[in-house]
Amino acid sequence: MKDFGPIIRALLRNKTGAMLIALQIAITMTIMVNAIHMIINRSELMARSSGLDEANQFVVAQYGYRDDFNEKYVVQTDLDHIRNMPGVVDAIQTNSVPMSNGGTSMGLQVEPGADKEGLGVAIYMADDHALNTYGVKLIAGENFDPTEVEFRDGNTREWPQRAIISKAMAEALFPDLSPQQVVNKTVYINRNEPITIAGIIDQLQAPWVGWDNVERTMITPIRTMYKFSRYLVRTEPGRRDEVLEAVKSYLESRDVGRMLFPIETISDVREQSYRDANAMQTILWVIISILLIVTALGIVGLVTFTINRRRRQIGTRRALGASRGDILKYFLLENFVITSAGLLLGIIGSIGLNIWLVDAFDLPRIGWIYLPVAMVVLWLVGQLAVYGPAAKASRISPAIATRNV
Amino acid sequence: MLGYYLKLAWLSIKRNPILSALMVTAIALGIGASMTTLTVNYMMSNNPIPSKSDQLYYVQLDNWDPNDPFDEPNEPPDQVTFRDALNLLHANKAERQVAMAKTNFIVEPDNQEVKPFHARGRLTSKDFFPMFSVPFLYGQGWNQAADDNGDLVVVITKALNEKLFNGENSVGQSLRMQGEQYRIVGVMDTWEPTPHFYDVTNGAFGEQEDVYVPFILKRDLELPNSGNTNCWKTPEGDGFKAFLQSECVNYQFWAELPDNNAKDNYMSFLNSYVMEQKKLGRFPRPLNNRLSDVMEWMKKQGVVADDAKMMMYMSFMFLLVCLLNTIGLLLTKFVGKAGEIALRRAVGASRTQLYWQHLVETGLIGFAGGIFGLLLAWAGLAGVRHLYGDNLKPDLATLDMKLVLIGIALAVVSSMLAGLYPTWRACRIPPAGQLKTQ
Amino acid sequence: MLSMQHISKVFRTDTVETHALKDFSLQVNEGDFVAVTGPSGSGKTTFLNIAGLLETFDGGEYTLDGESVKGLKDNTLSRLRNEKIGFIFQSFNLIPDLNLYDNVDVPLRYRNLSKAERKRRIEESLDVVGLANRMKHIPAQLSGGQQQRVAIARALAGQPRFLLADEPTGNLDSQMAESVMELLESINANGTTIVMVTHDPNLAARAQRHITVRDGQVTENEREPKVVSQLRA
Numbered sequence: 001m002k003d004f005g006p007i008i009r010a011l012l013r014n015k016t017g018a019m020l021i022a023l024q025i026a027i028t029m030t031i032m033v034n035a036i037h038m039i040i041n042r043s044e045l046m047a048r049s050s051g052l053d054e055a056n057q058f059v060v061a062q063y064g065y066r067d068d069f070n071e072k073y074v075v076q077t078d079l080d081h082i083r084n085m086p087g088v089v090d091a092i093q094t095n096s097v098p099m100s101n102g103g104t105s106m107g108l109q110v111e112p113g114a115d116k117e118g119l120g121v122a123i124y125m126a127d128d129h130a131l132n133t134y135g136v137k138l139i140a141g142e143n144f145d146p147t148e149v150e151f152r153d154g155n156t157r158e159w160p161q162r163a164i165i166s167k168a169m170a171e172a173l174f175p176d177l178s179p180q181q182v183v184n185k186t187v188y189i190n191r192n193e194p195i196t197i198a199g200i201i202d203q204l205q206a207p208w209v210g211w212d213n214v215e216r217t218m219i220t221p222i223r224t225m226y227k228f229s230r231y232l233v234r235t236e237p238g239r240r241d242e243v244l245e246a247v248k249s250y251l252e253s254r255d256v257g258r259m260l261f262p263i264e265t266i267s268d269v270r271e272q273s274y275r276d277a278n279a280m281q282t283i284l285w286v287i288i289s290i291l292l293i294v295t296a297l298g299i300v301g302l303v304t305f306t307i308n309r310r311r312r313q314i315g316t317r318r319a320l321g322a323s324r325g326d327i328l329k330y331f332l333l334e335n336f337v338i339t340s341a342g343l344l345l346g347i348i349g350s351i352g353l354n355i356w357l358v359d360a361f362d363l364p365r366i367g368w369i370y371l372p373v374a375m376v377v378l379w380l381v382g383q384l385a386v387y388g389p390a391a392k393a394s395r396i397s398p399a400i401a402t403r404n405v
Numbered sequence: 001m002l003g004y005y006l007k008l009a010w011l012s013i014k015r016n017p018i019l020s021a022l023m024v025t026a027i028a029l030g031i032g033a034s035m036t037t038l039t040v041n042y043m044m045s046n047n048p049i050p051s052k053s054d055q056l057y058y059v060q061l062d063n064w065d066p067n068d069p070f071d072e073p074n075e076p077p078d079q080v081t082f083r084d085a086l087n088l089l090h091a092n093k094a095e096r097q098v099a100m101a102k103t104n105f106i107v108e109p110d111n112q113e114v115k116p117f118h119a120r121g122r123l124t125s126k127d128f129f130p131m132f133s134v135p136f137l138y139g140q141g142w143n144q145a146a147d148d149n150g151d152l153v154v155v156i157t158k159a160l161n162e163k164l165f166n167g168e169n170s171v172g173q174s175l176r177m178q179g180e181q182y183r184i185v186g187v188m189d190t191w192e193p194t195p196h197f198y199d200v201t202n203g204a205f206g207e208q209e210d211v212y213v214p215f216i217l218k219r220d221l222e223l224p225n226s227g228n229t230n231c232w233k234t235p236e237g238d239g240f241k242a243f244l245q246s247e248c249v250n251y252q253f254w255a256e257l258p259d260n261n262a263k264d265n266y267m268s269f270l271n272s273y274v275m276e277q278k279k280l281g282r283f284p285r286p287l288n289n290r291l292s293d294v295m296e297w298m299k300k301q302g303v304v305a306d307d308a309k310m311m312m313y314m315s316f317m318f319l320l321v322c323l324l325n326t327i328g329l330l331l332t333k334f335v336g337k338a339g340e341i342a343l344r345r346a347v348g349a350s351r352t353q354l355y356w357q358h359l360v361e362t363g364l365i366g367f368a369g370g371i372f373g374l375l376l377a378w379a380g381l382a383g384v385r386h387l388y389g390d391n392l393k394p395d396l397a398t399l400d401m402k403l404v405l406i407g408i409a410l411a412v413v414s415s416m417l418a419g420l421y422p423t424w425r426a427c428r429i430p431p432a433g434q435l436k437t438q
Numbered sequence: 001m002l003s004m005q006h007i008s009k010v011f012r013t014d015t016v017e018t019h020a021l022k023d024f025s026l027q028v029n030e031g032d033f034v035a036v037t038g039p040s041g042s043g044k045t046t047f048l049n050i051a052g053l054l055e056t057f058d059g060g061e062y063t064l065d066g067e068s069v070k071g072l073k074d075n076t077l078s079r080l081r082n083e084k085i086g087f088i089f090q091s092f093n094l095i096p097d098l099n100l101y102d103n104v105d106v107p108l109r110y111r112n113l114s115k116a117e118r119k120r121r122i123e124e125s126l127d128v129v130g131l132a133n134r135m136k137h138i139p140a141q142l143s144g145g146q147q148q149r150v151a152i153a154r155a156l157a158g159q160p161r162f163l164l165a166d167e168p169t170g171n172l173d174s175q176m177a178e179s180v181m182e183l184l185e186s187i188n189a190n191g192t193t194i195v196m197v198t199h200d201p202n203l204a205a206r207a208q209r210h211i212t213v214r215d216g217q218v219t220e221n222e223r224e225p226k227v228v229s230q231l232r233a
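Residue numbers (UniProt numbering), protein chains in the order written: chain E, 1 to 405; chain X, 1 to 438; chain V, 1 to 233.
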């Protein structure tokens with residue numbers, strides 16, 4: 001560390017160049033830390049399980065538009081047929097599926113009454129094949145009985161007597177009870193209409209991926225007659241695409257007064273749902289990468305300039321006995337000092353920007369681990385950027401000292 | 001003198017091609033990133049109807065739960081109920097007013113070769129067309145009688161007219177939708193206000209509706225709900241009529257109020273309307289009605305996506321890094337010019353003249369950076385359109401002439417700002433010392 | 001033409017104070033050719049810089065062409081340099097990117113001259129130094145002597161009343177030095193006042209007047225050698 005003193009003094013004499021690099025490093029770190037924070041934040045959102053058997057499912061929407069569309073009959077015969085097709089595990093009619101961003105929600109409350117607080121819950125309507133088709137596991141209670149499935153049209157107000165809720169919803173309603181204890185409890189929908197909890201499933205997401213309470217879901221034993229509905233089909237592993245074609249040609253072959261929307265696999269639904277998050281991640285990665293390159297190039301440019309200006313001085317040092325390694329070490333150390341100063345500023349900047357983002361955009365706080373990681377990355381980038389010009393400087397001939405330029 | 005400075009700038013840029021290229025690249029990258037994200041933000045915050053955005057007001061009435069506001073802190077619902085929409089429409093207290101809702105249709109073309117297809121529909125009232133300055137290719141909107149009687153009339157878009165009638169005048173023709181025969185009264189010319197301001201609760205950048213029919217058909221034909229529906233209490237009684245009488249909000253209401261006086265009068269009308277309704281046992285919350293003009297409403301609804309804003313701030317910080325970089329490189333470059341500067345000072349150039357010479361040089365570098373930056377932004381926007389696909393209307397990620405000019409101005413001004421300090425420093429060098437030796 | 005009375009100039013650093021000029025007085029008349037010699041560090045460069053308005057002075061009076069320059073604004077000094085003074089440097093100080101035409105054009109650009117007038121003057125002065133046929137060349141394509149001739153052309157183009165030369169032959173071999181010296185003499189013969197700093201006693205001897213700077217002060221040498229040289233010539 002014998003070079004430390006002279007480096008600091010040299011830097012103080014040539015403040016501008018050093019300050020420019022330090023500032024660049026500081027802003028680069030600020031952007032990097034917060035951008036990576038956003039990227040990881042989106043990754044965590046995307047990594048959440050929907051609860052579905054996503055690789056082996058597809059969904060098809062239909063809309064009955066003709067007077068002769070007999071929804072009850074058409075749906076029953078469709079389901080009977082599809083459930084018996086080879087490669088099909090199970091199928092349901094449902095109002096919505098996770099990640100589709102369209103669905104129904106209601107409030108559930110533990111005590112009846114208009115003045116009591118309700119908890120929002122996403123409602124799936126499907127028959128007793130729902131659990132098997134979604135691919136969710138019942139952890140307490142029991143599944144619906146086929147006989148308790150009700151038919152519901154757009155004007156029905158009452159809800160069925162029983163429902164199955166997700167574990168997260170059970171915990172939200174009854175924080176102190178285990179899933180087994182929640183079974184057979186009564187909760188209230190529409191302020192005072194009782195519903196008995198028939199069973200608890202491990203996990204199933206609501207349709208809205210951006211909802212804070214996305215894990216709060218409820219399955220009700222309902223077959224809808226809204227004219228618009230979806231079929232969700234689950235296939236045996238690896239047979240999705242083949243079954244999809246078969247189901248498609250079967251449905252298209254029936255002239256029952258309905259219009260079929262294009263079939264989507266659940267993988268498509270997921271891709272569509274998280275496309276914005278994915279796009280933002282890509283854009284942020286591009287920004288970070290170019291940013292690091294620009295910063296590195298800036299360092300190379302300024303160091304080259306400094307070295308060119310100090311050629312004679314470097315030659316003189318060489319003539320006076322400094323080894324190539326000493327010269328190299330000098331510039332690497334100089335960069336380390338500048339970068340460190342920048343990183344200190346960068347820590348303040350990163351935290352400052354994060355506080356603002358938390359405030360303005362409800363982003364979560366950054367974890368402290370981002371700071372040391374970003375610092376190490378930028379130290380490395382700085383050292384790598386400075387290495388080339390510094391190595392060149394170390395090869396300056398000592399003879400330059402005696403030459404007249 | 002400008003011609004001379006430009007010539008000197010060009011020679012100087014040519015003299016240090018690598019350094020110059022580095023600076024142009026740095027500025028181009030910064031401008032490219034900034035313009036890409038700025039474009040999306042700019043387009044999202046676009047005024048969709050500049051000629052009268054300050055005369056069109058979105059109406060909010062607070063019919064919500066006495067125990068719980070629609071949104072914290074005490075925000076009224078973002079839509080109105082069917083009965084309020086209809087009442088306000090019939091009251092006819094504004095210069096023009098329109099009640100609306102989103103709906104869906106299945107169109108069954110007479111032409112057997114075209115299969116039935118899904119069409120986005122808008123239930124609306126007659127003033128919609130003049131109020132929002134909708135251009136017509138053929139025919140026009142419907143009249144008061146159609147609104148009152150619930151006539152089966154429809155206005156279709158140019159695109160749908162192309163699809164069904166090969167672009168020919170289809171006014172007077174009939175269109176079969178969900179079992180009913182509608183009479184086409186008008187064909188719109190291309191009209192895609194961005195944002196889709198008149199119904200942002202159902203997506204500010206969604207696709208335009210294909211068909212427009214009288215609002216009252218909602219009731220007469222019991223058309224299904226589409227778009228966001230929010231209820232704080234269950235409709236009383238069964239059936240569709242009960243739903244229409246309920247406190248569920250699913251409808252948008254706009255009023256055209258040409259001046260502040262009209263606005264004040266309309267607000268008093270809304271307040272007295274709500275007071276009347278309170279007598280019927282509705283509107284349990286304190287008086288809390290709102291009128292927001294188009295841009296206020298866009299702002300309240302947060303039409304510009306947070307993601308877009310955050311990326312724009314990041315990009316501008318990125319531009320700042322690029323400019324710091326440019327400052328460093330310019331310092332490097334101008335130090336090499338100390339001899340020339342000293343000589344010019346010796347033969348009589350004033351400092352001001354030298355400042356200008358170098359500002360022109362940095363401006364030229366900025367201009368080049370701006371041009372390349374716009375090319376990068378163009379490519380970047382193509383990338384953005386690709387990444388977001390159907391989730392982003394393509395015109396939200398497209399440069400227009402104004403943005404091109406903004407981009408170039410941003411590049412030139414910011415690089416000249418970056419050039420200020422290096423220029424000042426270079427021109428401050430006393431000439432005497434630099435002339436003695438090379 | 002040039003009158004310096006009791007000029008003093010002090011250079012200060014944090015620790016040291018150097019009196020570059022003290023009580024420096026000199027009178028140069030219209031049409032004079034003055035050679036300035038002196039050991040290194042004597043103050044002759046400082047004198048030249050002050051005379052050329054490139055540096056300010058601390059005390060005394062300096063009148064150039066009848067105008068006191070003390071305390072003038074930077075812009076006024078620039079204008080005076082541009083209109084009244086021509087510079088010739090040891091290292092030529094040509095701008096490497098510009099061709100000969102554009103190099104000679106440099107001082108003219110800072111005057112409000114028409115394009116035609118600039119062209120006439122540039123061609124005329126390049127003709128005087130014998131390089132009119134190489135206008136489109138860049139400095140690197142010329143020999144040292146030729147480069148210095150371009151620098152002289154640049155100084156002449158502004159039609160200054162007063163030419164300051166700082167070791168004009170310092171970087172040239174003797175043959176080239178001789179031709180540059182002859183050029184300066186012919187310019188002086190046409191009425192331009194010249195002050196030339198040199199360390200070459202032979203060149204100094206050819207000037208009309210020869211002064212020596214020592215420790216920041218002037219010693220005037222006798223005129224005899226000049227008469228001799230004139231006789232010899």
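Just so you know, these hints were derived from the structure itself, not from any lab. Owing to the predicted nature of the structure, the values given are computational and were not obtained by experimental measurement. Among the hints, erroneous ones may be present.
Simulated crosslink set (SDA-like; lysine to any residue; CA at most 20 Å straight-line) [unchecked claim]: (1) K233(X) with A114(E); (2) K119(V) with G179(X); (3) K309(X) with G210(E); (4) K93(X) with K309(X).
Far from chain X, by Cβ distances over 12 Å, these chain V residues were calculated [unchecked claim]: (5) D14; (6) Q27; (7) G52; (8) K70; (9) E83; (10) E117; (11) D127; (12) G145; (13) G158.
Glycine included, each C-beta is placed from N, C-alpha and C at the ideal position.
Here is how each hint holds up against the structure:
1. K233(X) with A114(E): 9 Å, holds
2. K119(V) with G179(X): 88 Å, violated
3. K309(X) with G210(E): 18 Å, holds
4. K93(X) with K309(X): This hinted pair is violated, its Cα atoms lying about 39 Å apart.
5. D14: Label holds. Min Cβ-Cβ 18 Å, cutoff 12 Å.
6. Q27: Check passes; 23 Å lies beyond 12 Å.
7. G52: 7 Å, violated
8. K70: It holds; K70(V) is separated from chain X by about 18 Å at its closest Cβ, greater than 12 Å.
9. E83: 7 Å, violated
10. E117: 15 Å, holds
11. D127: 20 Å, holds
12. G145: The claim holds: G145(V) sits with its nearest Cβ about 17 Å from chain X, beyond 12 Å.
13. G158: 7 Å, violated
In terms of the numbered hints stated before, the structure departs from hints 2, 4, 7, 9 and 13, listed from lowest to highest.
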